[in-house]
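Chains as they are written, first to last, in the numbering used here: chain A, 1 to 266; chain B, 1 to 437.
Rather than coming from a laboratory, the hints here were simulated on the basis of the structure. Incorrect hints may have been included.
Said to hold, decoys possible - List time: in silico SDA-like cross-link candidates among lysine to any residue, alpha-carbon distance up to 20 Å:
id	chain 1	residue 1	chain 2	residue 2
1	A	K38	B	G223
2	A	K38	B	Q424
3	B	K434	A	G205
4	A	K200	A	L14
5	A	K38	A	G205
6	B	K59	B	F243
7	B	K63	B	P143
8	B	K138	A	Y164
9	A	K182	B	F61
10	A	K187	B	M60
11	B	K434	A	K207
12	B	K434	A	D162
13	A	K38	B	W423
14	B	K48	A	D162
15	B	K59	A	E212
16	A	K207	B	P143
17	A	K187	B	F61
18	A	K187	B	L113
19	A	K200	B	F243
As a plain string of letters, each chain reads:
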Amino acid sequence: MQENLNTVPVMAELFAQGETPEVLFWVGCAGSFDDRAKKITGALVKILNATGVKFAVLGTEESCTGDPARRAGNEFLFQMLAQNNIALMNGYGIRKIVTACPHCFNIIKNEYPALGGNYEVLHHTTFLQQLIDAGRLKVDGGSFAGKRITYHDSCYLGRANDIYEAPRVVLQVLDAELAEMKSCKSKGLCCGAGGAQMFKEAEHGNKEINIERTEQALEVQPDIIASACPFCNTMMTDGVKMKEKEADVKVYDVAELIAMAGGLIA
Amino acid sequence: MGIVLQVLFALIFLASLGLAGMKLWRIRRNIFLGTPESLNDRKADRWKHMTLFALGQKKMFSKPLPAILHGFIYVSFVIVNVELIEIAVDGITGHHRTFAPYLGGFYTFMISLIEVLSALALLAAIVFLARRNVLKIKRFTQPELKGWPFKDANLILIMELILVTAILTMNAADFQLQQLGAAHYPDTGKLFVAQYTSAVFSGMEMHQLEIVERSAWWLHILGILFFLNYLPYSKHLHIILAFPNAWYVRFTSPGAIQNMPVIANEVKTMLDPSATPEPVAFTPKTFGAKDVTDLSWKSLLDAYSCTECGRCTASCPANITGKQLSPRKIMMDTRDRLEEVGRNLDKHGSVQDDGKSLLGDYISIEEIRACTTCNACVDACPVSINPLNIILELRRYAIMEQSNAPQEWNMMFNNMENNQAPWQFNPADRLNWKNEI
Ligand code: SF4
Ligand code: SF4
């Protein structure tokens, strides 16, 4: 176990010392720059340190994966970013990657191989599940015992990659009551951020998608809406604010809930 | 008289098959106007997928009641077509129920099975008609179903009603004729439904019964032949194309967008001039798709396979929240445009520029831009169709060939290019978060 829970080893430095981390933590743009998402990044770093996982980040060498560009239709820009990232990671001999962003996870796992980037890629919910299964991560419910949590499926974890159970299994250690929304798992409604929608106004309609989804979440009267994607998190947080429910309903990432239950963050 | 009817039957039968064959061949030709894509690997998995999703209609069962009713119509349709063999033999030879004396009890069983399935199909067709016309559930009343598609759905259900009514009438009259000991009506054994329904005809003269029986027989076979020729114009083509469409499913992860090898090579040699480009199987004439002929043949097969059920649209977050995008409309537009290109080809011998295209004349930029790439439509489709793939190809064309992006996306592109992040942050600050945790 790392003494300092906030230690963030950087790949370039480890490489210079001839060290290889167990896993590369791919932080992603939201995790690096977005104020809300940075908290998720922090929670995961503390969990990694507390469980003694030898990890590293690319730091300033990391670039956007190219996901929003590719999905908007800008293949040139995607290829530039992706090929640079792959050259960088292959240069470091990276084998295994964990990330807290389902979009980064999906694109590195499913789209980088066609460009020569072959890695074992894990979303943090799967990684947390493995840590729990291996007995490396021990948490109990603590303040979450008996709370009502509803989990919002991220499209790029669920339908795109068939990951429905890992986040739910991880949430189960919290001893909370897991309530499913009327559309969940493969029928889960999108939060509205994917496909580069995050970066522009929505087309004309009669409602924002995140409001529709937030209403579905509020229907089950949760204390907490759990997410596993920084963009879903933003969308649901905004939705809860718009519905003026932020005093009663909190939106947290699965990693934050685990870190809180383990007393790693407040 | 007999021989005239036999010749007439043979002519109508062969002409209908020939005509339908030509129509289907034309559809096949249209599909291959699309760009090449290799989808014939992993045969064992393809068998499995086709058995489960086309034959087994696995996705239908997310809504159990419609799945069961749809199953009645589907199974009765398949079994009734087995009877078509006998009808053809009877029609050409002038015999009646040629197989009855040879098959004995098995014949009684098969015809009884057809009767039961027909009765169930009758029930299903009535429920489905009510669902479309009385209940007016949302996915059957959305804008893209106005006009022909709505009529098409009703027409086919009414046709189904007529066909099964003809079968039941034919058998009931036949059974009654057998009771009266009519010549030319061989013993079929106790038919499961007709033994009761024949009571309707009790008291009728033998020659009247023969007229009823013959009329129902002709109505049934002419109905089936008409149906066959109607298919190529209808959403009901899916009863055939659901099978190849399931077979040629893409096995790549649903989250993966197809690579563009030409651009990958271009960027590769730009980043490293000494790099050797990867061999490219096919060089497209545009980046992304402007028209149907720029889409993969699989997307065109998708379009012809669409049943217009709207399960995709009912699950689409953009559509649910009132945006113009409807994945069903994407599929219907693709088929309509492909039919138009097909007619163009029929007329001129090669596809001439008609000044129209899928993007712009059929599908608007506003529609494709509203997509969140959430894959709900792909997941919901019972016949293995991927509307998202078409949307993404159209987006590629809009961005790379037309530079048609909203201002915010242009800013995002700039940021990604200059700051390696979609927001305007200094890349040197990318690790600053570590001081804030
Ligand atoms: S992928 Fe696009 S078209 Fe399909 S359901 Fe999601 S938003 Fe709608
Ligand atoms: S694409 Fe599939 S789900 Fe959508 S209308 Fe056609 S058949 Fe139905």
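Structure-based check of each hint:
1. A/K38 with B/G223: 67 Å, violated
2. A/K38 with B/Q424: This hinted pair holds, its Cα atoms lying about 16 Å apart.
3. B/K434 with A/G205: 40 Å, violated
4. A/K200 with A/L14: Violated, because 38 Å separates the two Cα atoms, which is more than 20 Å.
5. A/K38 with A/G205: 32 Å, violated
6. B/K59 with B/F243: Satisfied, since the Cα-Cα distance of roughly 14 Å is no more than 20 Å.
7. B/K63 with B/P143: 23 Å, violated
8. B/K138 with A/Y164: 29 Å, violated
9. A/K182 with B/F61: 17 Å, holds
10. A/K187 with B/M60: 14 Å, holds
11. B/K434 with A/K207: With a Cα-Cα distance of about 37 Å, the restraint between B/K434 and A/K207 is violated, given a limit of 20 Å.
12. B/K434 with A/D162: 32 Å, violated
13. A/K38 with B/W423: 15 Å, holds
14. B/K48 with A/D162: 19 Å, holds
15. B/K59 with A/E212: Violated, because 25 Å separates the two Cα atoms, which is more than 20 Å.
16. A/K207 with B/P143: Given pair A/K207, B/P143 holds - Cα atoms ~18 Å apart, limit 20 Å.
17. A/K187 with B/F61: Judged against 20 Å, a Cα distance of about 14 Å means the pair holds.
18. A/K187 with B/L113: 37 Å, violated
19. A/K200 with B/F243: Violated: A/K200 and B/F243 sit about 40 Å apart, past 20 Å.
The structure shown violates the earlier hints numbered 1, 3, 4, 5, 7, 8, 11, 12, 15, 18, 19.
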